[in-house]
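**Q** Here the structure of chain Z is known, so what remains is to put chain Y in place on it, guided by the hints.
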Amino acid sequence: MGEARDGVKVKRVVFVTVGTTCFDALVKVADCQEVKDELYRRGYTDLLIQMGRGSYLPAKSTGDDGSLAVDYFTFSLSIADHLRSASLVISHAGSGSIFETLQLGKPLIVVVNEDLMDNHQSELAEELAERKHLYCSRPLTLHQTIASMDLNSLVPYTPGDATPVAKLINRFLGFPEES
Amino acid sequence: MEKNTSCFFSNSSPNLVITCFVAFITIILVRFLYVIYRTGKPLNKRTPQQTLSTLIVLGSGGHTAEMINLLLVLQKDRFTPRFYIAAATDNMSLQKARMFENSLADSGVKGISAEFMQIYRSREVGQSYVTSVWTTLVATAHALWLMIKIRPQVVLCNGPGTCIPLCVIAFIFKVVGIRWSSIFYVESIARVKRLSLSGLLLYKLQIADQFFVQWPQLQRKYPRAHYVGCLM
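Chains as they are written, first to last, in the UniProt record's numbering: chain Z, 1 to 179; chain Y, 1 to 232.
Okay, chain Z solo, but in the shape it has when bound:
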């Protein structure tokens, strides 16, 4: 964090993603001055927002005036590259986004969409937050989470394994056990 030798700032990108959903509340709050100031204060330089099917358009900024550089796009077939180059990920509570981020070992704040009916997504976010793999937040409390987060306290997530299921399926179907 901070200046490199030639005075060129090291880029620290915050990547915001809403997956395939419409989650204007997150896009709006990520674009609000409070949150942007907080991110800048904590040493981030760029904010990239993947806004999905939402209708709210963030304000682009080059960040030349000593603030966060802001950019956005709607979709891409794979956000893996954006995740890889991010220093912090702020994501909706979709399991795909969550696990893709955790498997890359990136610090993650999950923001639960309170407008969703029957919000089962929050179960997963809260469970993983309890296990200290990520921070869980709501749109209105995002700036507080950013201000108070200690990314070093996050516990790395050990990726899961589908082989137990495959073994059970094969056994059920009568296939012989593999060595």
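One or more of the hints may lead you astray.
Below, simulated EDC-like cross-link-like pairs (lysine to aspartate or glutamate); rule was C-alpha separation at most 20 Å, straight line [unchecked claim]:
{"#": "1", "chain 1": "Z", "residue 1": "K106", "chain 2": "Z", "residue 2": "D81"}
{"#": "2", "chain 1": "Y", "residue 1": "K76", "chain 2": "Y", "residue 2": "D106"}
{"#": "3", "chain 1": "Y", "residue 1": "K76", "chain 2": "Z", "residue 2": "D161"}
{"#": "4", "chain 1": "Y", "residue 1": "K221", "chain 2": "Z", "residue 2": "E126"}
{"#": "5", "chain 1": "Y", "residue 1": "K193", "chain 2": "Z", "residue 2": "E34"}
{"#": "6", "chain 1": "Z", "residue 1": "K167", "chain 2": "Y", "residue 2": "D106"}
{"#": "7", "chain 1": "Y", "residue 1": "K45", "chain 2": "Z", "residue 2": "E130"}
{"#": "8", "chain 1": "Y", "residue 1": "K76", "chain 2": "Z", "residue 2": "E178"}
{"#": "9", "chain 1": "Z", "residue 1": "K11", "chain 2": "Z", "residue 2": "D64"}
Beyond 12 Å from chain Z on every Cβ pair, some chain Y residues (computed) [to be verified]:
{"#": "10", "residue": "K41"}
{"#": "11", "residue": "V125"}
{"#": "12", "residue": "C230"}
Just some of the chain Z residues that point at chain Y, by a computed CB distance under 8 Å [claimed, not checked]:
{"#": "13", "residue": "T20"}
{"#": "14", "residue": "L140"}
{"#": "15", "residue": "Q144"}
{"#": "16", "residue": "A166"}
{"#": "17", "residue": "F175"}
Just so you know, these hints were derived from the structure itself, not from any lab.
Using N, Cα and C, we set each Cβ at its ideal position, and we do this for glycine too.
**A** What follows is chain Y alone, placed relative to chain Z:
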């Protein structure tokens, strides 16, 4: 004598119909009970070279990613040919499945056989339950059409509503003897404390042969489920 004969004819046709009907119902009932009895019981041993046609139900959001994660560890030469079905309004899932199958071909796997199909959705997210009755009927008819073409031996699903008509039809195929299949349901990793509606239906109706959950809280609540830990 003739009077008796004519009485016999006028009485026998409805009797014959009723007898046939009762016999038919009895056969169906016996088959139904047999299928219920055999559901969940492992199949007989088979050689490793045997193949099983496999129906894979995809869904928007994390469902397809989770399914592909499972397919990575399943033997492609056993679970073949593979039929992928996704809802008509789900644009990404079949694309992701095609990419997955292409990557198999690229990595040298031989004899790949995969087909990709779309199905009408029973219910869109947020659709009213009243209009859902009609769309579910349409979806079921479409599902029947697809299932008659595919007649899979293995069904893999992990939560999207599209799997319900398909699994029910697979069950019916077992009852009427069209095709015996093994139905595997993996509840989504996003379900920690409560089952999804699809999961609840398949669990309660005991349609799935094996029901997998990824969190211990669900295994405690639904003891017939197998707890397999997180797959992702």
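**Q** Now tell me if each hint is right for this structure.
**A** How the hints compare with the structure:
no. : hint               : result
1   : Z/K106 with Z/D81  : 12 Å, holds
2   : Y/K76 with Y/D106  : 14 Å, holds
3   : Y/K76 with Z/D161  : 18 Å, holds
4   : Y/K221 with Z/E126 : 19 Å, holds
5   : Y/K193 with Z/E34  : 35 Å, violated
6   : Z/K167 with Y/D106 : 26 Å, violated
7   : Y/K45 with Z/E130  : 43 Å, violated
8   : Y/K76 with Z/E178  : 15 Å, holds
9   : Z/K11 with Z/D64   : 13 Å, holds
10  : K41                : 9 Å, violated
11  : V125               : 9 Å, violated
12  : C230               : 4 Å, violated
13  : T20                : 6 Å, holds
14  : L140               : 23 Å, violated
15  : Q144               : 25 Å, violated
16  : A166               : 4 Å, holds
17  : F175               : 6 Å, holds
Going down the numbered hints, you'll see the structure goes against 5, 6, 7, 10, 11, 12, 14, 15, while the others check out.
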